[in-house]
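Colleague: Each chain, letter by letter, is given below.
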Amino acid sequence: MATFPEYIAQNEERDGVRFSWNVWPSSRLEATRMVVPVAALFTPLRERTDLPPIQYEPVLCSRATCRAVLNPLCQVDYRAKLWACNFCYQRNQFPPSYAGISEVNQPAELLPQFSTIEYVVQRGPQMPLVFLYVVDTCMEDEDLQALKESLQMSLSLLPPTALVGLITFGRMVQVHELGCEGISKSYVFRGTKDLNAKQLQEMLGLTKPAAAQGRGPQAAPQPLSNRFLQPVQKIDMNLTDLLGELQRDPWPVTQGKRPLRSLGVAMSIAVGLLECTFPNTGARIMTFIGGPATQGPGMVVGDELKTPIRSWHDIEKDNAKFMKKATKHYESLAIRASTNGHIIDIYACALDQTGLLEMKCCSNHTGGYMVMADSFNTSLFKQTFQRVFTKDVQGSFKMAFAATLEVKTSREIKVSGAIGPCVSLSAKGPCVSENEIGTGGTCQWKICGLDPATTLALYFEVVNQHNAPIPQGGRGAIQFVTQYQHSSGQRRIRVTTTARNWADAQTQIQSIAASFDQEAAAILMARLAVYRAETEEGPDVLRWLDRQLPQRRSKLLQLCHLTHYESSYYRHQFNRQDLTQALIMIQPVLYAYSFNGPPEPVLLDSSSILPDRILLMDTFFQILIYHGETVAQWRKAGYQDMAEYENFRHLLQAPVDDAQELLHTRFPMPRYIDTEHGGSQARFLLSKVNPSQTHNNMYAWGQESGAPILTDDVSLQVFMDHLKKLAVSSAA
Amino acid sequence: MSVSLYPAPPHSSQPPVSTAYSAPPPPSYTQAPPPVSSAPTQPPPPSGPAASQQYYGSPPPPSQQPFNSSLPPTSQQQFTSSSVPPPPSQQTLPPSSYSGPAPPPGQAPAPPVSQPQQSFPPSQPPPTSQPAFTPGPPPTAPGSFTPQAPPPSSQSGSFPPPGPPPTSLFFFQCSAVLLLSSGAFGQVRGPQPGYAAPKRLDPDAIPSPIQVIEDDKAKSTEPFTTGVRGQAPPLVTTNFQVKDQGNASPRFVRCTAYNMPCTADMAKQSQVPLAAVVKPLAMLPPDETPPYLVDHGEGGPIRCNRCKAYMCPYMQFIEGGRRFQCGFCSCVTEVPPHYFQHLDHTGKRVDCYDRPELSLGSYEFLATVDYCKNNKLPQPPAFIFLIDVSYNAVKSGMVNIVCQELKTLLDYLPRENPEMDSAVRVGFVTYNKVLHFYNVKSSLAQPQMLVVSDVSDMFVPLLDGFLVNVNESRLVIESLLDQIPEMFADTRETETVFGPVIQAGLEALKAADCAGKLFVFHTSLPIAEAPGKLKNREDKKLIGTDKEKSLFQPQVGFYNTLAKECVAQGCCVDLFLFPNQYVDVATLGVVPVSTGGSVYKYTYFQAQLDQERFLNDLRRDVQKLVGFDAVMRVRTSTGIRATDFFGSFFMSNTTDVELAGLDCDKAITVEFKHDDKLSEETGALMQCAVLYTSCSGQRRLRIHNMAVNCCSQLADLYRNCETDTIINFFSKYAFRGVLNNPTKAVRDTLVNQCAQILACYRKNCASPSSAGQLILPECMKLLPVYLNCVLKSDVLLPGADVSLDDRAYLRQLISCMDVTETHVFFYPRLLPLMKLESGSLPVAVRDSEERLSKGGVYLLETGLHLFLWVGASVQQELLLNIFGTPSFGQIDSSMTSLPVLDNPFSQRLREIIDSFRAQRSRYMKLMVVKQEDRAELIFRHFLVEDKSASGGASYVDFLCHMHKEIRQLLS
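Protein sequence lines correspond, in order, to chains E and H.
FYI, the numbering for the first sequence is 0 to 731, going by numbering that gives the first Met the number 0.
FYI, the numbering for the second sequence is 0 to 970, going by numbering that gives the first Met the number 0.
Hints are not guaranteed to be accurate.
Claimed, not checked - In silico DSS-like links for lysine-lysine, alpha-carbon gap of 25 Å or less: (1) H:Lys218 / H:Lys242; (2) E:Lys147 / H:Lys539; (3) E:Lys192 / H:Lys509.
These aren't lab readings, by the way, just hints derived from the structure by calculation.
Just chain H, same shape as in the assembly (with noise of 0.2 Å):
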């Protein structure tokens, strides 16, 4: 039986609830005491329980042990404690940031500490509230923690006050035949049976992403200002608010370092990547206020004479103000005469602080007709509607949803000015084998169909008409939409074609002589005999094979040409697809991810259970802030060079980022590569131009800038790193490299590179120490257990049960995600639900079955997925409160919203999930897993810390590994 991990197969009856399971209640888990803090919450032996075997059909792998094994929680510690006493350094030596404020990086003299996890101190005053931009403030006080939280430790009285110090190491220690034995690693190291059990490394004991996110947001309580060059931003899972002070926010630019290497040698030495995330376009809270809008006259934008670099903070005026020295480029420029300012004592323009592009590190020009295609002032964008209209499309209901839909829909279009009507136009076609336009000119009575059999070379049979104002015609619009599920009711053809659907829409708006947005609803497998067509290859045979890279790239070079033409135009594809079955997500995605679109897919949609989560991707998608016919240029200072660039876009040469398409969802990767020597005195500079259409036909540049430190300490670099960021440049190196390369290898090179830079760290910044030692970084010592979870992940470690398209799928999606998205789809949240609290969140436990109680009920978010865990002896209050029911076995595990019931405990449920719902770019369908339930194997997919069904390390088996790898390296 196989079970896909992301559509919810229909469950036609719920599986037995297992005897072994309800007979004997364990004590309640959040009755009981907490663990012993010393105690390592040690998996129970793999001889543990034989009914989950029944269960699922197949073995579980080794690493899945089922945590609700009959054995209480009593047993586990007697078993821990007895056959892994905890080295007598763990539990001795407090973490390095005890030892006091500032111990000089790298010397930290101070002996490994086991117990990195800091729980708040009762007597810290919990952060400053601030303004809800997410609305989950850091936990307020230890009481709501669960037992499952970071283990009250003995020593937590005695931690130092907050705000740890930046330079704080983390140590610990393992011995050499720990390492040796339980490197129970992937596929490269089978487990050896004889050493595996009693040598294991005790869970609590490693560096915990809970801690490091909990910590972070407890030294975040002021506002970040951008003013200090090479200050590393607060962490992604932390609320923070951000002033502008002449860089730009961490919303808009995320770096991997913050402090860059002086010179290529260093960089290649330690191996960290040199990257930016960038989010043009990003929605900032409602408390900070968007990038002002500069108009510098009829000339246009002031810029440096050489390198175009654009009037930033970074120009130096000299000469009186008659002249300015670009930061970039160090060329001096004349200021021209309606841009005069005189200078004041400091040489700073007087009128600096008047001005965003003196002031501000985010800010927008005014783009004049030079900036325009062909010379001209663009035209307000269209939004064109394409939708399958097949029997499967039909019979699915999408058809008759997306009308109706859009039918309010229409009145949300982007618009700058929310008291104005968009000036967006809009178009509808509806396709099977054949294409049909819609005339729906305001003078009509009814809307004209105009059918375009001959698909074999597109064109648009209707210019007037076709692309209209909402307002002047909604009446035929709204015929036209009431009409189009009654015409096609009784359709009986199953066959569609998918090339010619894009080339229409582009043909319209070239023929209409504007940029605009295809929402393509799409359904099946193109084979229909047109330009494009597709035949079925689904090949799982070929995973894990050198060709297994082939699975990836398009079958056709069809439509990388018509990318190009969609470029060419500003013509952006929003691909929604509602497959039964393999429809070739790695070819239909191409059009989509070449011009900055996005792909939503609903597998097995069901009306009734997938409408909401479609509607609201629908919604948001139409309405959010969108930019066209973009063009993003990232220029840097002398010494640096962006050299690589990662996301959903297109290139034509080395530089210009060409995007059709850009909306506040999308993020690129940019990467630098050192050319020249830099100074650290002037630090690196960047600015990322990017010049687009706005939603009402406005022709603008955003500018971002960022100044970033550089350094000739190596130990400098690794201070001000950020892991997020730099897992989210590996995650898209990595998954572009599976187009190229065998996925082994891909994942080799990851694994190599990671332990490159924590070798890199420990030969040089580290005090020496026994081999036997794993030094990391305090800024990285995640970053193990994050790559763990991008090598494991479904791109790069598939199941047995992941489709190719699911595959291709996640792969084009991430590459567009800002660190924000990475970090949540890696690295789930996952909040125990048993206490709520308005005004706060639970504190999150870490992603292993082990923190998972039989008694509780846990909320799992991806970002993609949301999960409403179960466990199978819950307290019946909580089902009471959540599910409106005392009993487990009564969870209808199908629905895809919670009840509304009236206590305080599922309002506030409700409130979380929908705060969880309102901060992903893509609505999270809520799956309720019930434990033991068959889908619960879907969950466990995402505790990314324990081992992977398709054979992907735990978390504590990896860093073991990398540790072997370092010390390779080392030696």
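The shape of chain E in the complex, shown without the other chains (with noise of 0.2 Å):
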């Protein structure tokens, strides 16, 4: 039998699930006695080239409250043509089309390898993507020009049916009739007054589609568009030409004062054209923004520059007195949005903040992305931007629109809830567990936007009881249904049928041990930890976190040094990225290229910053290069440009080329940064380093060993040690 991490690591690659435990305690209160719970990292969407379409539907379990899906995991007979649901036992009969099975012609969802598979449905009309991008015009003009840009540039790797809407907004929200002939057209709101769809429906001249009025015998398919929302091969000139004529803000900005920006209502209004015109199809909505609300709805702050942005000074002295207020009205939308499936994304370019920390929600709960830079005008932004239409093989985008997520669990387990970009759909059943861990009470989500990345935690609670035996068939098994919009316009299911093995804690604990998952319960523990750290005070939560671990708290805790905004920008990228990129973000990968070997991965620890070395950092957020001392006076000697030292200039180029590889395949595009030893950017690098050199052990103080760091933070040897230690011995 393979290892426990060859184990995890197949069907991580087979189902993009990782668990936190790969046995199962088989009764409640020794999983409870565990601290981690029994939880699972889920990556819905996981690329998979092995895994063909299949072009038929999903054969569905007959009982009304269970409908699972026909898996590998189930027992056929197929002489009768019958198979039994491997959750609720119930006996089903194959459908019609199934008559030709048998054992040596078996369907692909009967097949292990396929524990995972895909289907298309087949009904419903295809559905074109929708983006709508809603632009700021309050930026400087160099800005605006990158963006216009950046947006013309998208045009084209839209598909040439899908259909697109623009919405600018600054003092004024306009929303831009497209394929006008001659003059073009706009509808303009005030910055300042919220619309409820109805109202917009109205003002904007939307009357519902006539679906369901008589269905006269000429009815031709009603296009599928409006005039603010039409197909990019119809009114891409068009669009360009509006783009590039689009201008900054108009409207003057006196001394003192910051531009009127009415995102609120920009966003509001970007929801409501989008609900009553494509509800329940999957739409992005495409946030671009080169500062914070400052008027109407949503404003995070008044355009006095003399009043600053909050700051989380204030917002514990509850001093913030726009944030409760802009919060609600995000949150609505957010709400809003997922309830029609719609996404919505938020590009932030601006050095200050842009109040993120208010609009947070309105990504995370529509699995939309947020995208950090300080200007439109940098390859962070441009790149970022670009990869979002980045399209897999069969020449799809890697993205996928209006999901739901529904959990299907064995008798003895149940799902306490989901932290991840999603909503829930409050589907009460069986599988529901009354102990709610994040979003809970139900085992369905809604996901509005995903890609392949897109990974979502999901916890369990194990019911059966102390003295109940090892449930039948000794193995738990979990189901996970994902319906989707695929970017192709089809409507598809994902399936993947997942189980393990029960033990009994008592007997069996070094297997339970040995099954344990530590990067996935680090990754688990942590997003409960952040979605905690959300959803109540502060310091209670780095006490509970304390109480259950005594993790080294990472800076997704840690705001003292961050602006909310990226705070919650960190923490939107933490909850929606799968195990690996999430681990960097808790523990930032150092390399180190010497002359001593290849390059070799190395401790983030002081003790590894070394004068001869030159270090690559990645962090997720930040790449970064750091020369140590020798290297840095070396290169500043211009040794590289000597011939005789062709071995330093390689050097000097492999970490760079290293970097340019994450750099390509990383979303969002992390800050790259090119350091030394002394340089002002290398305290991104210390801040990271574990604190091995402290002042608490002065011996190392001032030796070649490496830098100390002066700092409270526990060293993180101590806490990986300390979390395997405490997982076990609480089962002890």
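Reassemble the complex: the two chains are provided individually, in unrelated frames, and hints are given to aid placement.
Modeller: Have a look at this one:
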């Protein structure tokens, strides 16, 4: 049998699932003792080149409360053409189309290698993709120009049938009518007044598609577009011109004022527009902002420059006077958007804060992207934005829309909740635990936008009673059913069915301990901590976490040195990225390059910082190249340009090449930093490394072995060791 | 079948020609000998033709006795001469003016005179021809008179030479029996059939407006100089040149009385209103110099320290010129050093004649920054065109016409220097239920439309590119104006908003921080959900009830508030209405009226028929001289005070007349009251100062000064009155009164006041005589006839076919008219066209059916309407000359302009029509009315000396009634 690490890797590879425990304690009591719950990181759309979608629909268990999908774990009676549901044990007849089924002629969904399988729903119309650009015009000309170019470029990346729309805003909000001949038209709204969908619909002159009303004999299929959302192929010239003519918001901004930016109303109108035109259809609202909302609903700061935007300090003292109202506004938008399956992306490019703290729910609830950069005129933004439209080998976007994830469990285990870019669909059922963790109380979640990396943390509860026997079959099964709109417009269903062995903690503690996936557990606990930090008061969470685990507090929780919008941003990314990336966020990766050998990963530790080394650090958000003191001196002296020191040139080049590789795969684009010993940007490195040498271990002080860091943080080794020990000892 | 008075209803077919009318051709009037002068032209008895009743579907009111009866003129003469032998005194007594050049006023011993008309004796030299301001010079020779003109009296030869004495009185006598029996006045006293016919007054024996007008023309041969205090100017109907010698020209200021009573008691006793009609920016004829612009430098205009009156000829310099004493409040003010000048031996400054403000009645000061809003020099004003693009607007062709016209009209925006481009910026908005703003920035390839559909809380969606310079953005604007009609060609939107439209314009001006004018082209009652939404409240049943006044009041308070905001910003609103049904002019007009704007109404607008009128109005409205953000203040010498103001403006306190816009056509009537005694020595002074922003953005003050005499004798007051101005005051007073009082009460008040004025004269100024004699002061002998015209106007006594909108429209329109306009409006000009001569106009005839000859063609103008009436038995030659057709039946009465024919008659007639139109501030559409045609009913409405269909008294009846009222007051 394969080792657990192999088993874990294989499972992750095939199903996109990683459990904290790969052998489950068979009773509730034992499970609760283990501190780290049975939980899974699930990446619903993990890329699988070996997974061709099958062109029929799944066969469902006939029990109304179950409706599980036929899967390789089901018992099949080929003669009787019957199958038994492995969740509720209901015996089901195969549908007529399965008449030819036999041991040698099995449908794909019964093959073990298709524990994850994707179906294409044949019914229903193919829905177009909808992209609604919401563009801030209160920014410097240079920024706006860069943004306009990026937007124009994006048009060429969209499929020709995709519908696009444009909303611009500054002091006013303009909804642009597309495809007008001659005079270009737009509808203008005050930036200070919120409108509900009905009002908006009336004001834009949009009446509901006459689908419900008499489908006359000549009822040609209504084109799925309106004056504001039109197919790219029809209006790309028009829209390119329109974007080209976009001007900075013309309203004068007097000295000492911020421009009036009606972001709250603009987003509300975008949500409303899609709500009344494309409900329950995949759509992206892509919001590009150059600063905080300064007027109307959703404003986070007034227009007086002398009043700075709220700080953590203000928030703690309940001094941020706009925050609650603004948050409420954006939350209501997030709910409306997610109800209709629409995604809200936020691209915030400004040197100061833009109010992501208030707006975070818009992206978090809808599975939208949140991208932060200093300016639209940076490669960080430009490449990140371009990467949104990346296509897979089939030429489809690596994005999916309006998904629902349903979790089905064996009787002995129930689902407590999920943490990730999702909202609850409040679907009660036998699989739902009373114990809520994260977004709980449901077995279905809506994920409006997801990509191959989108990963949810799902928490389970073992409900088997202490004295009950190990359940029948000895395995607990979980089925993930993800229905989504593929970027081709097809409706698809991906089904992942996975199972783990039960074990009696009293007798088989070792096997349970051996099955612990510390990486997954770290991320799962961190997500939980972040979730709590979001919903509860900060210090309490730290205390809770300290109680639970002597965890190294990542910066996801420690906020003192961060503005909240940064923290909102980091948390947003952390909550949606897959395990590998999330792990990098928690524990940045550090590679050392030196003449002593090939590049090697080294401990993220102050002891790793040596003068003759070049370090490459990847924190997910930043990629940093650090030249040690000696290397920096050599570089300054220009040795790399001398033929006889070609090796030095190669040494300098190696981390750069590796960094480029990372940069190319990462979404969003990390910030790229090239620095050296004593450089101001070196602080990024110093703030991350493990303080193995601090004032606590003064013996290393001043030695060549590394750079001392002054901090109160616990070092990582201590944390990892402790975590492992604690997890196992609880069962002991 | 109802016929609207104002719009021409589309004629589906011509009414049948009655055989009764066409069969017996009467002896040609034009060739017939003139009627015997003494024979009163009595209307035929009511038993006349019954045929006319069939024509109009309803029995014509008794007073509407068709003159075109089949009775030949001879029978008329027989009838009248036999039934009413004129009183001997009428025949024998000459007019008082005849008895001597200057009989003492009020003591004229001359017996009553029956024949007020004077015709020009052949020996009289024609008036000196004047540079044609109005193209029709006075008649030159009696030969041009038509037979309907005042009949050459047998006594005419004995008339005195021209220049009637200023104190001449008009007398005429009527018996008590006559008065009592013939008194069919309005609805007050029904006609008493037993007496009606035989006891009529001779219409020729009562004061004739035509006669008065012609007399005044004849005597005004010299230019009118304004230097003499208390001198009444020539009538508004007279062409004359004005020389400013220290008082404002009558074109700027006209007073009801040029000799004011010294005390309040006298004023109260006489009841003569003391008022001035001020038209601050009036256009002057080319031969008169416009007011000079005076710059007093950085300190601004020199003013009295106490009452703040501006430097003017009434300031008395003392102490060698170091100080001056204010003529208004007598306060002494230091002369600033830079303004010091020595005095000559008479005490005048030696530079007196070099400085307009020391020698002229009207001039302008350049205002300094202290006179500007927020102490900031103003921006040039802006014009915003707001065009209704709802279904009706598009379908009627209005949208297309406006857009086409604007393309050229924008080159004629007002400017001070004709060489320069206009500084006025323009902006465009279209609307139906929502508003579309247009960005026409010069850098754009195409205009951009910005739709604002949230009309509940109006705002301007753009700043840059909305208000633009025409020349810079010409291509974009043209492209826009080309595209607007296309874009809305297929619109199905019928609902409109109105309040938000004005709000939009206002907000745009606010955003641009300038004053300006909105041109709103609107079609329908604004029923779409928006602020200022209206409902249809047209209810004719209210007419005649106590609730009638509500019809003149706005139905919501929204527009009053909006108007106030507009005035604060200097946003003037001109409203062009194109209604097909009730639009509630009373409410829609609130903002235009309060902001110094105008309302134009084109009911049942049809592109083909009405576009000429509309376009001419629009062109004039866009091009005319206009000032913005104006404040008018009238200062007076101690003793009197301006107490009330009438016109299109807004007042937030009791002294300042605020005008968001003030154009050259707007007049303000100011009423004065005593608050102390005036002295005969110093007279009464008034100074009207208008602070405004010119069309180039210059802040200026226009000053008009006026000095009148004061008297302690009532007779002096009555000798120096101006009836036309009094009528202007009365009409505005009454038309405002209907807002708060029952219409009947308003009419009664007018009659009472008029009776008191005349009774006071009779009691205090006329020599004792029999109570049966009606004695009228010479200056006021037309007061009864004109007052009657006011009383029976559509506002005060509407006919059944007058819509509520028309009444509200007229009410608002009159409020800003000057004396010239009110005169012709209430007493239309009726010209016989049988003979035309170049260089002179035919003498007008009185507005009565009796004066029309069946064989003739007449032109009638009211300032708003222009009719060409064609008699049923018109001469063929006239028809050929005018219409190019020999047959009456072939005249197309739907034509709005006469065919261009190459004959002198046609040319001259069209010249006359053009000149009439040029004189008026609104273009008059020509309506051709054929005798007996259905449309004649509309025409007859303007024959104001006759009984009206709505029950208005005839002139004769009203005069009798007035006599009775006077006698009651005297007894």
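Colleague: Quick check: which numbered hints come out false for this structure?
Modeller: Hint 2 alone not satisfied by this model.
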